[in-house]
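Line order of the protein sequences matches chains A, B, C and D.
Sequential numbering of the first sequence, starting at 1, is according to this note's numbering.
Sequential numbering of the second sequence, starting at 276, is according to this note's numbering.
Sequential numbering of the third sequence, starting at 625, is according to this note's numbering.
Sequential numbering of the fourth sequence, starting at 968, is according to this note's numbering.
If you are wondering where the hints come from, they were derived from the structure by calculation, not from laboratory data.
Where a beta carbon is used, it is the ideal one built from N, C-alpha and C, also for glycine.
It is possible that some hints are incorrect.
[As the list claims (entries may be wrong)] Pair by pair, the computed Cβ-Cβ distance ranges are:
no. : chain 1 : residue 1 : chain 2 : residue 2 : range
1   : B       : ALA473    : C       : GLU782    : 33 to 41 Å
2   : B       : GLU586    : C       : VAL948    : 31 to 39 Å
3   : C       : VAL948    : D       : MET1012   : 24 to 32 Å
4   : D       : GLU1047   : C       : GLU938    : 20 to 28 Å
5   : C       : GLU782    : A       : ILE6      : 28 to 36 Å
6   : C       : ARG958    : D       : MET1012   : 51 to 59 Å
[To be verified] Anything over 10 Å on all C-beta distances counts as not near chain C; from chain B, calculated:
no. : residue
7   : GLY283
8   : GLY301
9   : ARG337
10  : TYR343
11  : GLN345
12  : GLN393
13  : VAL445
14  : VAL455
15  : SER494
16  : SER501
17  : GLY514
18  : VAL545
19  : THR547
20  : GLY562
21  : VAL590
22  : GLN620
Residue-level listing of the chains:
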Amino acid sequence: MGDNSIYQPKLAEVIYIKDEVTGERAIKTFHVQFLNGDGFEHACGQCAMISVFGRGEAMISIASPPLIKEYKQFSIMRAGRVTSAFHELKVGDVIGVRGPYGNSFPIGDWHGKNLVFIGGGCGLAPIWPVIQTAVKTQDKFNRISVFYGGRSARDIMYKTELEQLRANADIYLSVDKSEEGWHEYCGFVPANIMDKAPSAENAVAITCGPPIMIKFVIQNLKKLGFSDDRIYTTIENKMKCGLGKCGRCNVGKDYVCVSGPVYSWDKLKTLPEEY
Amino acid sequence: MERILDKGHLLDWVATLTAWEVFAPGFQDGIWGYQPVSPSAEVRLEHSNTVQPPKNFTFPQREVFFTYDQIKGEAPKIAPIHPKPKQRVVFGVRPCDGRGLTRMDRVFNEQFQDSYYQTRRAGLAYVGLSCNQPTGPNCFCKSVGGSPVSSEGLDVLMTDLGDRYWVSSVTDLGLALLEVGGSIFSEPAQEDQNQVRATRIAAVSHPQRAVQNTAVVPSVLKESFSSPLWAALAQPCIGCGICTFLCPTCHCFDINDENASSSPLRGSRVRTWDNCQFPDFTMHSSGHNPRGTLASRLRQRVCHKFQYFHENFGVLQCTGCGRCISECPVGIDILSVVNQVCSAQVNGE
Amino acid sequence: MSNLEALRDQAKKLLAKGEVRAVIGYRKGSRGMAAEPVVITRPEEAATLVWDPTCFHNLALYLVEDQKRLGKEKQKADKPIAIVAKGCDARAIVVLMQENYFKREDVYILGVSCETTGMVDERKLACLGFGTLQSASFRGDDFVFSTVSGEKRVAASEVLADRCLECRAPFPKVHDVVFGAEKARSLASPFAALLQFEKSKTSIADRWEFWQHQFERCIRCFACRAVCPMCYCEECIVDSTRFVVAPDTTAEEKANRLRWIERSATQSDNMGYHLTRALHLAGRCIDCGECDRVCPVRIPLRLLNTRLEREVRETFGYDPGASVDVASFVSSFRDNDPGNFIR
Amino acid sequence: MPEQSPPYEPKIVAFLCKWCSSAGSDLAGVSRLQYPANATPITVMCSGSVSPQYILSAFKKGADGVLVSGCHIGDCHYMEGNYLARRKIYLVNELLQFIGIEPQRFRMSWVSAAEGAKFAKVIKDFVEDLKPLGPQEKLKGQRP
């Protein structure tokens, strides 16, 4: 009976590790493959509760698109006890994964539209599966643009992948302050949006990043004419169960782990600001 | 089924319940609490109410989910742990705590069913005792949709008629408990009928403290999120966990890995009670804290009980037992908080 | 008798003249007779202050909160904050000053003397079966309670909290102004409860059985810690699973923080918490008894604290909370401290 | 004779100050003194740095006995660390006995860098005193 427990993780093996960003705000990308024929399907934007046994669990968004069935991708910034444990893992180590949790981006509603993605810092990971899915099924969408910024050039994650994306999408990178060897935009992500001014016409904006960035991105998107129901974002709160029970991720009546993490701005703005 | 039980025969009934572990209120260590009933023990149901609700029977403070055992370089061995199904009867549960169980059911038994809770819940029977008088000065069950004679969440409801109990079954499980007792009970006479009716009417008519205008509280609280009163009312709060740990409906928890040995790695993943009043409850690992102030945490507790739960499940979460009021070290009074915040909002203060 | 009107007048005057930022005191609570802590900032609020036998709370706690808030907001107070302080509260304030938590000029002490009584023990009072109580007041050596069936007068010694029965100094020695007199009293001997316990549990086995049972019952609500003015650590050892994170806390530190005590309320973990807390309070605990009063499962925490307090007083000749000018107990020593237990 | 399980060997956690007691234990080692191998030494900078929670933690993790050892009074490398340790550890000792822990399970000693023989004797005595008590279960964490 315990096997059916909603708290029981499935075992998965780490098959690939990549250092995305090094230093203080280190980010690593992991591919994990379920053992024993286990597994689950997920949708773009959903999360999983992943754990290093002996250290604990953390809720991390699944960064691989649903099209990829062989493994799940997680890009994790080193921030605390559990995420540090992930950074110590080696290929071949076994972790626990349970999920998928939360809602997902309504990609089906966006067919025929222009997609504007806006990410900052490690906030590229939650929207990455949407970008991947959109690019791989490009015939269903119009123009795809990706705005992404980091504090400095070395904080930019998915560097290679972003370069490859240039063939299929408009990529606008930025760093907060100018630095040697950087030839793209210097300044914060919200400013970069105003600089490039993507058209709101038939477009949907999807943003994820630090709360302060999201706040100004949304302000600027509205200036550009994006209506509240065409702006999507994800929020993250501390989570322990992923099942709407443990009581800490709620924003008003909404448990982010069940009703979120994906919100359109017209929905999110009705909730109290507790995130 | 309605029956009459002589008070002197209460233990005889308990003795027939051989298939069940029986618990009843007892006075130990200076407080009333639920204790296992041994054949020789005296069962006393004249308690006011227990300091702790019977929450532990379905949601213990510590629940082990599984153990892990890993030799370095090998895959971990995971051994699920699950409570053994147990048949338990708890005597003397007050109606507010019976209703508390139904609120916990909504959380653990609906979307994403919690098998730990379910297993413990499945074998559990509450033999309730209606409150002829409010059990304490801070009872307010009537104003949150309950009643001192409510049978919600109970399997059997007993009413004290002086030298005997009126015993009525509420659920099939309750009926089974009465049937096991068999001839220990007697058929109620017309006089008993009259007396129980009169007793219950009197019970319900006792004055209680009250939430004002309960019907509009959820919607008014929703408008009061930014009220300056939250900060003022939270000023004396010391941020302890009494209010929530003693609440029959608070269910927040934490999950941690507890290691017994680091090499080989051995330990267990454990759920423990947690508490929205602790400052680190919602703190992100970055240090950002969506509910970083005492005011925001008091608001969370009150709004969860009186607004969010209502929005999600259509009923108030609070059952009016009054424990959080009586036991608060500094006198924070959920009734007064709700009433003050709501009246300030309604009166546009 | 401490004159409530004089106390209110003084508080009002201090606020009206702008001599203090706020006054920490007691007011009537909403749940029956008990008073509750309040912080007032306007002179007209002074009329709500009360002083009665239900003013249990050690208000020094709110001085700590105030300092923490100022620190967090990186502010410096331009004026002192006033506080109503009983004998025990004033001792707590002295310990906090000894530890440089704040300075004497940061606080204006409105001392109140408990004279020959003290604070009521609600559990003892409940045994008298008065039913719902509306208010409590001092009357000489007695307490008067107003109940639904009229006034009840009870000798204070019958329902006094143990801590007050055993109190050596029911008068706030350190104060700016004091209400009420320093009176001689003949109450129970210091450590009476402890001595009675020791008489009843003489063997190691008896004592273990007792404490094992007590620690098993702890539900880890941390009310004992929350209510204690001396438990001001930013990060308590029990929070090592989830500790205070400052902007400059590195991931490294967060990852490697030691986990002294798990969150599970097991006997072993509970014991680790309570014993460590008792030792952290050695020489600092001024026996306000608040931890004992607030414990919802009635663990007799005062026994642990008074056991160490007795050592501190009798073996080391140290009087906690008596003077700002002596070094704190754990940061000082005497050449003749006992060493005969050392091999 | 029937086969017997190996005799009970108590586990001791010994907090030894770096300057004296730890050096004393090294001396006991290099002098080839015979003493029981029951102690797990943990070198600390000073006996004054041993927090009560170290001691409780050692018991919680299953130590049968805990030893704190430092420089003799007057010899502290930091002048007064061991004076501070003395009153602190005295209270730990009293409190442990108060809650019903056998007094034999906790011990403090002064061992200088030159006292290899004394260190050996402290450990030997400790082991002898602990053996009759059997394993320490009172403060040990029981999991799961």
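Hints, verified against the model:
1. B/ALA473 - C/GLU782: 33 to 41 Å: 38 Å Cβ-Cβ, so the 33 to 41 Å window holds.
2. B/GLU586 - C/VAL948: 31 to 39 Å: Check failed, 54 Å falls outside 31 to 39 Å.
3. C/VAL948 - D/MET1012: 24 to 32 Å: holds (31 Å)
4. D/GLU1047 - C/GLU938: 20 to 28 Å: holds (23 Å)
5. C/GLU782 - A/ILE6: 28 to 36 Å: violated (55 Å)
6. C/ARG958 - D/MET1012: 51 to 59 Å: Once the Cβ atoms are compared, 24 Å apart, the range 51 to 59 Å for D/MET1012 and C/ARG958 is violated.
7. GLY283: holds (25 Å)
8. GLY301: holds (13 Å)
9. ARG337: violated (4 Å)
10. TYR343: holds (15 Å)
11. GLN345: holds (18 Å)
12. GLN393: Check passes; 22 Å lies beyond 10 Å.
13. VAL445: With a cut-off of 10 Å, B/VAL445 remains clear of chain C, as the shortest Cβ separation is near 30 Å.
14. VAL455: Since the minimum Cβ distance to chain C is about 32 Å, B/VAL455 lies beyond 10 Å and the statement holds.
15. SER494: holds (24 Å)
16. SER501: Holds, because the least Cβ-Cβ distance between B/SER501 and chain C comes to about 20 Å, which exceeds 10 Å.
17. GLY514: violated (5 Å)
18. VAL545: violated (6 Å)
19. THR547: The claim is violated: B/THR547 sits with its nearest Cβ about 5 Å from chain C, within 10 Å.
20. GLY562: The assertion about B/GLY562 is violated, with a minimum of 4 Å to chain C.
21. VAL590: holds (25 Å)
22. GLN620: holds (18 Å)
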